[in-house]
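Chains as they are written, first to last, in the numbering used here: chain A, 1 to 286; chain Z, 1001 to 1260; chain Y, 2001 to 2314.
Misleading hints may appear alongside valid ones.
What the hints assert, rightly or not - Covered by chain Y, per the in silico footprint, the following chain Z stretches (three or more residues, Cβ under 8 Å):
| hint | stretch |
| --- | --- |
| 1 | 1067-1073 |
| 2 | 1098-1110 |
| 3 | 1118-1128 |
Keep in mind the hints are simulated off the structure, nothing from the lab. Ideal placement from N, C-alpha and C gives every residue a C-beta, glycine not left out.
Okay, here's what each chain looks like letter by letter:
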Amino acid sequence: MHLAAQILLNGILLGGLYGLMALGMGLVWGVLNIVNLAHGAFIMLGGYAVYYCHAGLGIDPFAALPIAMVGLFCLGYLVQRFVLSLIARAALLNTLLVTFGIDVVLTYLALFAFSADFRTINPSYAGDHFELAGLTVPLAQLGAFATALVLAGGLRMFLARTRTGRAIRATAQNLTAARLHGINPRRIYPLCFGIGTALAGAAGGLYGVVSQVTPYMGNTLTAKSFVIAILGGLDRPLGVLAGGVALGIAEATTDIYLDPTYRNAIGFGMLVAILVLRPTRLFERA
Amino acid sequence: MSTPGSAPGSEREHRPASAPLFEVRALTRRFRGLVAVSQVSFSMAPGQILGLIGPNGAGKTTLVSLISGTLAPTLGEIHFEGRRIDHLPAYRRAHLGIGRTFQVMKPFPGLSVLDNVAVGALFGAGGERDRSRARDRARQCLELTGLDHRRDQRADALGGPDRKRLELAKALAMQPKLLLLDEVMAGLNAVEIDEVVALIKQIRDRGMTLLVIEHVMKAIRTLSDRLLVLHHGQQIALGAPDEVLRDPQVIEAYLGKRRT
Amino acid sequence: MTTGRWLVIGCVAALAAVPLFGSATMVQYGISALSIAALAQAWNILGGYTGYASFGNSVFYGLGAYGTAIAMVDGHQSFGVGLGCGVALAVACAWLFGGPILRLRGPYFAIATLGLSGAMSAVVSNLGFAGKNVGLILPLYRGDALFYELSLALLVLCTLAVAWISRSRFGAGLVAIREDEDAALVMGVNTPRYKALALLLAAGFSAVAGGIHAYWSTFLDPASAFDSTLNVKMVIMTVFGGPGTVLGPIVGAFSLSAISELLASQLSTMASAFYGLVIVLAVVFMPGGLMELGRGFRRGGRRYFLDNMRRFRL
Chain A
1 MHLAAQILLN GILLGGLYGL MALGMGLVWG VLNIVNLAHG AFIMLGGYAV
51 YYCHAGLGID PFAALPIAMV GLFCLGYLVQ RFVLSLIARA ALLNTLLVTF
101 GIDVVLTYLA LFAFSADFRT INPSYAGDHF ELAGLTVPLA QLGAFATALV
151 LAGGLRMFLA RTRTGRAIRA TAQNLTAARL HGINPRRIYP LCFGIGTALA
201 GAAGGLYGVV SQVTPYMGNT LTAKSFVIAI LGGLDRPLGV LAGGVALGIA
251 EATTDIYLDP TYRNAIGFGM LVAILVLRPT RLFERA
Chain Z
1001 MSTPGSAPGS EREHRPASAP LFEVRALTRR FRGLVAVSQV SFSMAPGQIL
1051 GLIGPNGAGK TTLVSLISGT LAPTLGEIHF EGRRIDHLPA YRRAHLGIGR
1101 TFQVMKPFPG LSVLDNVAVG ALFGAGGERD RSRARDRARQ CLELTGLDHR
1151 RDQRADALGG PDRKRLELAK ALAMQPKLLL LDEVMAGLNA VEIDEVVALI
1201 KQIRDRGMTL LVIEHVMKAI RTLSDRLLVL HHGQQIALGA PDEVLRDPQV
1251 IEAYLGKRRT
Chain Y
2001 MTTGRWLVIG CVAALAAVPL FGSATMVQYG ISALSIAALA QAWNILGGYT
2051 GYASFGNSVF YGLGAYGTAI AMVDGHQSFG VGLGCGVALA VACAWLFGGP
2101 ILRLRGPYFA IATLGLSGAM SAVVSNLGFA GKNVGLILPL YRGDALFYEL
2151 SLALLVLCTL AVAWISRSRF GAGLVAIRED EDAALVMGVN TPRYKALALL
2201 LAAGFSAVAG GIHAYWSTFL DPASAFDSTL NVKMVIMTVF GGPGTVLGPI
2251 VGAFSLSAIS ELLASQLSTM ASAFYGLVIV LAVVFMPGGL MELGRGFRRG
2301 GRRYFLDNMR RFRL
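The whole structure should be built from the sequences, with the hints applied where relevant.
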């Protein structure tokens, strides 16, 4: 029982991080109508950015997050501005293919630049934890969870309160109507994609702290982000965070009752099941 | 049924002469809270033209979708040539002889106009197995609708009025017994409307039965044998066009209530 | 027409004669190029003609490989029987999952197939009789010429099937589904059955390729059998050559295999990154593939690329 509670807690903490990963994907999907298959690759790049800030420059990983976010914002902005904008009105297969292509390019460039070695971001407090009600709470994981919460809340505030945020939401709901109100998608789209990749970068850095960074980590994380974005509702940041926690708990439950090797089977199984069982809701969104 | 298009006349002899080709009984469709079509009942004799009118959002297109099978009814029955069809998938209804056009036109954008229409000839009620013979039949339908000179163009290169004609040609190539036309005249000018009206009459004279949704009141009045009026999904009138259009309830539906 | 047919027969005969004259490395390169071309052609049935972009065809390839391997290793069967088992397994899986997954459209279908491939790989890694993560070792057979001819035969068979599809009523139905599924349904195309048949065909051909590859390489593990980059290659080669055409996937597969072979001798990671770059450029500048490029370029010259770009720009 105690073990189960502990694993559940770990699931919740990791789930918050999953939710952060999905935030950017959901935002891009909802506003640009692009299912970004390169999302995991941007997460991976964020991981490496924070890794090199920490290992190379000695910056604390949490302090390095803003650096990674700015870097990935610029990268995402440029990718949308110069590549994705060319296929903004193309068939969905074509946008999928292009983002898949970007994913492949980024993955193998990373493999070339950083090698296939597993990297762990190891700050001095990496193994620290404290006891709470008989449960062990790992400090780094808690920090990651809190950061995810802050960023999700921040995104929500940004979308609800600021002029640009409202313009983004208007574009998501109705592009034509937004255009009539003087909103220029050529300005909004790259901005929005950049925010998406910046969030991915933050998630990647945190993931590097609680887990590992490899060039290949993107694929499963793209799939997970996709599941969560659907679970949570694309443009509801706190809903997406909750979706991430749901997946984290599902994975933790798998660890208890089945075997950790089934983790991916459960994640992907959930993905297929959600798609098949809730098609009507999805089609209304798209 | 097994051999589509085989002498529909002989099948007809098994039924009394007055038997309807098509009948709808208490047909209802709900979308969550909203009742889009409520308790609609009517029947159509072979060779008849039934006009379907009503204000925007009255449920006209929903009714056509229920009949053609792209939507499933919540309640009620649909009978076609004496058999119940409301549980059949849309493609089976097409094989039996129900064709439709879409108000929001659905051409096959990447195919030539000819190949668009050939799909109807290949898979419709007169199911032509051979692709070259299907093209021959498609040519006939294109000539009938005045689109033959554009047969080699891609469908997405067509302008608005030609797209309407293409919708019609595709449905005709299916050789349906019952043809459901969803606003084929919208966006056409007066001359083009007269052409379509003449074409619909010509189709009817060949023995086809038609259900026509239209907003162009003059056209629908001259065309229809009977008129069915929907309002908020309810069937508020059914009868001869002139009588129906004099009905105070119908006038109220279109112009709004005089008193609140 | 007939000259074209003789030309094709001549090409096939020349390809079939390669093991007689070519070097061992040439034959080995030929085996991979032919089988990836066959996989691209199989993908073309579902992705090119029917418009359902599958990222799960590697599942059928993997199941074909595993079915063959399990029958040969655990059941001590011959290769022929093993191949039959592999195809049966893949087709059964396609039949089982096809129903629910083919109800999804567009990106939802694509992502679901991606998920299916991930789940399948994870499940197989946990099955004892499939060798878990460690993998299976198949009986060794030294006869690259045989594997070469088998791969060629598969490609020819697959292409004949696609050629038939491109002219048949069945193919017209698939294309109608690709262009507008709702309209196809209302016009009398039995869309559920047509989509299922397209998937079964693609699954069967992919499974044969998997079985041949398993026996040829004599070793099989989940990572190589369910390799998602293999699926990406199928998609890229088909899209690069010309989706929904008979020869497009072959042209795409042969040209990209040749280029990546040249690059791989220099830098293997850059060869993979190159694939990604090719797909981005191909989709942006020539979404109809090499087959359409020929026609478009003759008509419009360099403008063809710019027109494609303008068509879909924001």
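**Request:** Tell me if chain Y covers the stretch 1118-1128 of chain Z under the three-residue, 8 Å CB rule, please?
**Result:** As far as the stretch 1118-1128 of chain Z goes, the hint holds, because 8 residues have Cβ atoms under 8 Å from chain Y.
**Stated coverage of the stretch 1067-1073 of chain Z by chain Y [criterion: 3+ residues, CB within 8 Å]** = Holds, because 3 residues of the stretch 1067-1073 of chain Z bring their Cβ atoms closer than 8 Å to Cβ atoms of chain Y.
**Request:** With a C-beta cutoff of 8 Å, work out whether three or more residues of the stretch 1098-1110 of chain Z approach chain Y closely enough for the coverage to hold.
**Result:** holds (count 8)
Every hint, counting from the list given before, is met by this structure.
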